[in-house]
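For the sequence shown, position 348 (counting from the first letter as 1) is numbered 348 according to the numbering used here, and the numbering increases by one without interruption.
Honestly, I wouldn't trust all of these hints.
To be verified - Heads up, simulated DSSO-like pairs for lysine-lysine below, C-alpha to C-alpha not over 30 Å straight-line: (1) 158 x 354; (2) 270 x 354; (3) 146 x 200; (4) 158 x 287; (5) 132 x 146; (6) 531 x 354; (7) 531 x 504; (8) 183 x 98; (9) 287 x 132; (10) 380 x 554; (11) 183 x 91; (12) 383 x 419; (13) 531 x 502; (14) 91 x 200; (15) 255 x 270; (16) 255 x 211; (17) 287 x 79; (18) 380 x 562.
Unchecked claim - Derived DEER-like restraints, expressed as beta-carbon distance ranges: (19) 122 x 555: 49 to 55 Å; (20) 132 x 512: 27 to 33 Å; (21) 331 x 154: 15 to 21 Å; (22) 498 x 67: 49 to 55 Å.
Just so you know, these hints were derived from the structure itself, not from any lab. Where a beta carbon is used, it is the ideal one built from N, C-alpha and C, also for glycine.
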Amino acid sequence: MKPLHSLQFLTSTFSPLSICIACLLSAAVAGLAVWLACRNSAKKSASQRDNDKKKLEFLTYLIHELRTPVTMIMTPLQKLMSKSYDEDTGKELQSIHKNTVNIVSLLDKSMNVDRIVDNGSDLTFREINLVKYLYNLQNLFTYQTKLANIELSFHCDKDRIPVWIDRSAFDEVLMTLVSNSIKYTPGGGKVDIETASDDKYATIVIKNNGKHVPEHILNNLFELFAMSESGTVVGTNMDFYLCKEVVSLHKGTIKVANRTDSEGVSLTIKLLLGNSHLPKDRLTSRKEVLEETWRSINPDIFATQPGERKESPSHNKHSVIGIDQSADVCAYLHALLDPIFNVTTFTSPTEGLKSILADPPDLVIAEVMMTGIDGISLVKQLKGNPNTAHVPVLLLTALPGEQVRVQGLLTGADAIIPKPFNEEELLLNCNNLIKSRSRLASHIKDMQIAKDVIQPIELQSNDDALLQKVLSVINERISDPELNVEMLADTIGISRGHLHRKIKEITDSSPGEYIRTIRLNQAAQLLRGEKKNISQIAYSVGYSNPSVFSTAFKQFFGMSAKDYQKRYSGSEEPESDETKPQP
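Kindly generate the complete structure, drawing on both the sequences and the hints.
Here it is as structure tokens:
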């Protein structure tokens with residue numbers, strides 16, 4: 001009965017609200033369509049233009065406000081879906097969730113409309129190399145096409161085709177077109193991306209070998225509303241409509257047609273070369289954008305005049321380690337970050353992890369999809385190690401959907417940015433993560449200073465008294481290999497079960513783990529002191545077998561005892577006698 005009760009509650013409360021939101025959204029989209037149609041009128045009075053602007057502001061506000069009730073649907077719905085129900089109830093919940101997700105998607109797309117109205121006043125154009133741009137775009141779909149058993153290829157006879165585009169807007173266009181080409185390609189099929197240029201135009205062609213599409217669908221593909229063969233409205237083409245508008249604002253054209261050489265569909269974009277056709281006040285360069293961002297992050301490395309840069313000492317820069325198995329991505333990250341950070345990149349995740357453990361940087365940037373050690377596993381290892389748990393980790397991913405982002409955040413990643421990413425966004429995220437950790441470290445330091453200055457009043461709780469007894473016994477018998485949980489409980493005078501519960505409650509560790517932590521930290525302190533033999537240190541903290549000590553130490557600190565001694569004592573380890581029997 002309980003599943004039925006939950007479903008009745010959901011359908012009676014959420015479903016009508018979902019329908020209401022869908023109706024309001026349809027009205028909003030229809031209103032935007034009317035407004036966009038009106039704005040194409042050649043002759044308009046000032047009052048008409050002002051009236052159109054007010055309509056757009058209202059509709060944009062309405063779409064924005066709809067996100068709040070949709071969020072209030074999604075959150076409890078996801079909670080309900082995590083429970084077990086009978087088959088029919090589960091299917092109905094899935095249906096409600098699917099349609100709510102569709103509403104969210106439509107809201108997101110509708111919010112993008114304000115980027116293309118008013119002649120795209122927020123677009124800024126800069127020159128890119130179209131060949132390299134499309135090659136990198138193709139690589140973003142490697143995982144998706146591999147799962148779908150689809151071959152994705154890129155062809156161009158030139159090394160460079162310069163075109164002027166708004167990078168962010170055009171990313172959305174090509175991601176939409178390539179994603180849909182893959183979506184409607186059967187397993188074992190092909191999707192080809194081609195580009196070429198002549199004296200006047202650059203051309204991008206995206207084609208697949210799926211099925212032919214009815215002509216009435218192709219004829220209306222880039223219109224806001226999808227039409228049936230009889231001419232009735234059957235839905236929206238929001239994605240493709242936005243693609244057409246963005247291309248139009250670049251003074252380009254976009255066409256779709258069934259292929260004549262085989263089954264499938266071909267999408268063609270033509271862009272004018274040069275920038276004489278674009279508004280002069282919206283032209284910029286990647287160098288100008290990056291220098292402005294670099295200057296906002298670290299003003300000391302730039303002079304007051306744009307383009308004038310002064311060298312900053314290496315010790316004044318924060319350190320960043322980038323890990324990606326693509327050498328091109330590593331080179332790109334190095335070029336992007338090097339002006340303001342000390343950057344080291346690795347194409348081997350294993351080598352990158354070794355470098356991080358040996359000398360923790362201020363920030364780690366890593367790709368999620370890597371062989372050997374993937375980005376998620378890397379985060380787990382770094383956050384689980386006390387020497388690197390404080391290092392912020394930023395993950396880059398081309399994987400679709402929110403599952404990988406949630407998984408990354410659950411394992412401790414500090415930020416996740418999808419590819420293709422905005423360069424300014426990446427730079428600012430890096431700076432914010434490093435600054436946040438620096439502020440936290442400064443706060444802890446200030447609190448420690450205050451703690452040292454203020455004379456504390458001795459008020460000891462029962463838990464503190466118990467922990468003090470535990471520490472006293474461990475420190476007194478730390479060199480005894482027989483020291484274990486039973487001995488500790490007997491000496492203190494409580495049961496083993498009670499000791500386990502209290503230590504777990506106070507330290508979030510079991511008594512055995514707590515003893516091991518004290519032993520290893522004591523060993524680390526000895527290694528940082530005067531030059532001592534590692535085997536003797538192992539015996540002095542209660543390890544009868546130096547090999548067992550070495551394994552435990554490396555697991556805990558992320559490096560061998562020998563490397564730890566070299567790094568923190570500033571001296572070579574004396575000749576080892578680990579093979580010598582215990583005295």
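Against the structure shown, which of the earlier numbered hints fail to hold, in ascending order?
-> The structure breaks hints 1, 2, 3, 7, 13, 14, 17, 20; every other hint is satisfied.
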